[in-house]
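Given these sequences and hints, build the entire structure.
Protein chains in written order, with the numbering used here: chain A, 1 to 106; chain B, 107 to 366; chain C, 367 to 678.
Worth flagging that the hints you see were computed from the coordinates, not collected in a lab.
Given the structure is predicted, the values throughout are model-derived calculations rather than measurements.
Any given hint could turn out to be false.
Partial selection, computed: residues in chain A whose CB lies under 8 angstroms from chain B [as the list claims (entries may be wrong)]:
id, residue
1, Pro24
2, Glu26
3, Phe32
4, Ala75
5, Thr77
6, Asn80
7, Ile81
In this text, a Cβ means the ideal position worked out from N, Cα and C, and glycines have one as well.
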Amino acid sequence: MIWEVFRQEEPGDRHTHCGNVHAPDEEMATLFAQVQHGRRMQTNSLWVAPKEEIGEVDADDTEFGGTTDKSYRWAITYNNIDASFAEEVAESEADQEEHAEKRGGT
Amino acid sequence: MEPAEAELFRLADDEYVLAERYTEWQIYAPTPESDLALANIAQDEFGHARLWYDLLEEEYGYDEPDLLWERDPADFVHSTLVELETPEGDWADTVVRGYLYDAAERLRLEALEDSSFEPIADRVPKVQGEEEYHREHAQSWLDRLTDSADSRERVQAAVDQLFPHAMTLFAPTVDEDEILDAGVRSRSLADLREDWLDEVVPYLDSLGVAVPDPEDVVRPEPLGRDGSHTDDWFDLHDEFTASYRELGFDEPAELRGENA
Amino acid sequence: MDIETVKERAGPREFSPADDLPREYREAATRMIQFHANSEVMGGYLDKEFTRMAPSLDRKLACTAKCQDEIGHAQLLYRAAESLGVKSREQMLDELQNGQGKFLNCFHYPVDSWYEAPMIDFFVDGGAMRRQATLKNTSWEPYAHAMDKVCFEEGFHVKHGEDILRELMRSSKANQERTQEVFEQWWPRILQFFGPTNDESHHDDFAQQVGLKTVSNDELRNSFLNMYVPKAEKYGLEIPEYPRIFERDDGTMAVREDDLDWDEFWTIAKNDYPGSEEQIGSRRQRQEAVSWVRESMDDWETGGGRAAAGAD
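This is the structure in structure tokens:
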């Protein structure tokens with residue numbers, strides 16, 4: 001069966017999908033994944049999960065983030081309040097601004 | 107020969123020849139995944155051979171041609187277990203060979219951890235680090251292949267064939283007493299052999315594979331350890347040295363980096 | 367999606383398994399990637415010979431690592447092809463074994479000496495790297511991803527290949543002469559590596575229209591020449607008189623396409639060449655010899671495996 005493999009580069013990082021291996025069970029999958037996906041790239045940990053167990057929902061199935069206005073949940077809306085008094089609040093606002101650009105708006 | 111020198115030759119030759127047989131599987135393995143795994147193990151083993159051959163160079167003044175390319179094949183002291191040709195398609199042979207070898211290797215390395223010969227002791231952890239995967243790999247395959255009757259039969263046939271040769275892993279050479287007296291290795295080959303039997307026999311038994319009684323085993327004539335080998339070895343040696351001889355380069359090429 | 371939309375949208379990494387693509391695209395992509403994957407495997411048959419021949423321990427290690435990479439790339443590529451939903455990996459491997467699977471011309475010629483190592487490991491691999499670099503812009507995303515990894519790994523192959531060539535050409539006169547001889551034998555095959563000349567390639571037009579291929583065979587061949595002819599000459603190799611290579615107005619090099627033996631090439635493309643039979647036959651034999659292992663693993667998998675290693 002097919003196992004999808006996820007690699008964590010350094011401790012504390014998220015695991016990211018990096019490919020798959022064909023193996024009859026989990027133990028063999030980890031043995032094979034170590035060689036195939038941990039041999040050269042910096043690797044702290046690998047996960048393997050059966051491909052058929054991985055569920056998916058994508059942009060064709062659903063409107064991620066909704067369709068109606070939800071600005072109330074974004075710091076950038078509250079722009080008659082100055083955030084600079086607290087670094088962490090300002091940082092949160094800046095991050096959200098960056099992601100707003102990626103999302104293209106709402 | 108110095109005791110450490112003798113022990114190094116055993117270590118290096120074992121790993122080198124085993125690696126040569128493993129690489130024969132490249133591109134021929136049952137699946138891409140199994141191909142990659144065995145190829146990785148082969149590279150590890152060549153790497154270990156290189157660690158030990160390097161010590162022979164550094165401490166005893168040999169060079170690579172002395173150790174591999176221009177050395178009399180009858181001077182190699184590896185166990186006959188590692189030199190035997192693998193019959194075509196016989197994945198069971200390789201897995202059994204790996205298992206028997208890796209179990210012995212773990213015991214040997216443990217007995218070298220506190221070697222009086224510091225350069226050996228220094229390198230042991232590096233080798234141990236890679237050997238664990240080898241053992242897991244061999245055992246995983248054995249667990250699964252012995253689960254159905256047909257493949258278990260093949261594993262049985264491989265054990266029947268290889269077990270007598272595996273005994274030569276522990277065959278002593280004339281240097282054995284000195285190796286122990288000097289503290290190069292902390293345990294005798296006889297002791298290692300006992301521990302090895304205590305481990306491999308029950309394990310194989312639990313998989314439904316019969317192991318011949320060591321007392322009943324007819325030792326194969328060539329011991330490997332004393333330079334006597336099967337024809338398989340002489341053929342292999344000829345093959346892997348042929349190009350070296352034909353090319354006649356001044357020196358064998360080296361490709362090292364910061365991890366050497 | 368209809369084919370017109372595909373052609374309109376065609377661009378780097380544009381299409382992924384989430385898209386509903388027309389059969390024509392999926393079949394063309396499968397054909398292309400399957401060919402690539404098969405080539406990695408069949409190239410391995412040549413490369414493993416060099417591992418046994420290697421004249422130093424470090425060279426041996428480099429050769430075995432290269433072989434391993436090839437199988438690793440095959441694994442990635444079969445997966446990228448499988449993701450198109452036309453054929454399973456098993457089907458593609460079966461096809462390769464039974465002679466239906468196509469693969470690179472260069473791998474239809476068995477090797478038997480170390481002198482051939484730089485031909486494969488430097489020139490053929492160099493050509494492959496050139497092509498693979500352009501495929502990072504292919505429209506099928508999983509294929510492009512595979513190329514990222516392949517390109518990351520292959521740098522050492524070409525550099526090792528060059529090192530082997532350097533060593534040979536800086537050694538004895540006999541070695542230099544032998545290498546030259548072997549080079550002359552391989553050179554036309556290497557030039558044909560990039561496939562048929564633009565006029566004769568059937569599938570290419572469509573592949574380019576849908577963004578699977580981003581550079582034509584001739585362009586790739588010529589850019590290869592610009593990079594590798596100077597290297598060959600640097601090490602003292604003489605470029606054979608035929609096929610004729612000439613300099614174009616813009617200073618780049620090109621080859622006279624009709625100086626190459628396209629008959630031999632097309633015979634190979636049908637797996638009909640004697641070398642083809644030898645290599646495919648070898649594949650079939652070796653794979654049949656281990657089919658028992660795959661069966662045993664399938665049994666294990668469907669049997670749910672043993673709960674714990676214990677007595678019967």
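**Q.** Residue hint Glu26/A, partner chain B, criterion CB-CB below 8 angstroms
**A.** For Glu26/A, the interface hint is violated, since the closest Cβ of chain B sits about 11 angstroms away, which is over 8 angstroms.
Q.
Just to be careful: measuring from the Cβ of Ile81/A to every Cβ in chain B, is the smallest value less than 8 angstroms?
A. Hint violated; Ile81/A Cβ to chain B Cβ min 54 angstroms, cut 8 angstroms.
Q: Would you check whether Thr77/A satisfies its interface hint, that is, whether its CB is within less than 8 angstroms of any CB in chain B?
A: Thr77/A check fails; min Cβ-Cβ to chain B is 51 angstroms, beyond 8 angstroms.
Q.
Restraint: Pro24/A near chain B, CB-CB cut 8 angstroms. Satisfied or not?
A. Since the shortest Cβ distance to chain B is 7 angstroms, the answer is holds.
Q. Regarding the hint that Ala75/A lies at the interface with chain B, is the smallest CB-CB distance below 8 angstroms?
A. 47 angstroms, violated
**Q.** Interface hint for Phe32/A, Cβ within 8 angstroms of any Cβ on chain B
**A.** 4 angstroms, holds
Q) Going by Cβ atoms only, is Asn80/A closer than 8 angstroms to chain B? A) Status violated, d = 57 angstroms.
This entry does not satisfy hints 2, 4, 5, 6 and 7, going by the numbered hints stated previously.
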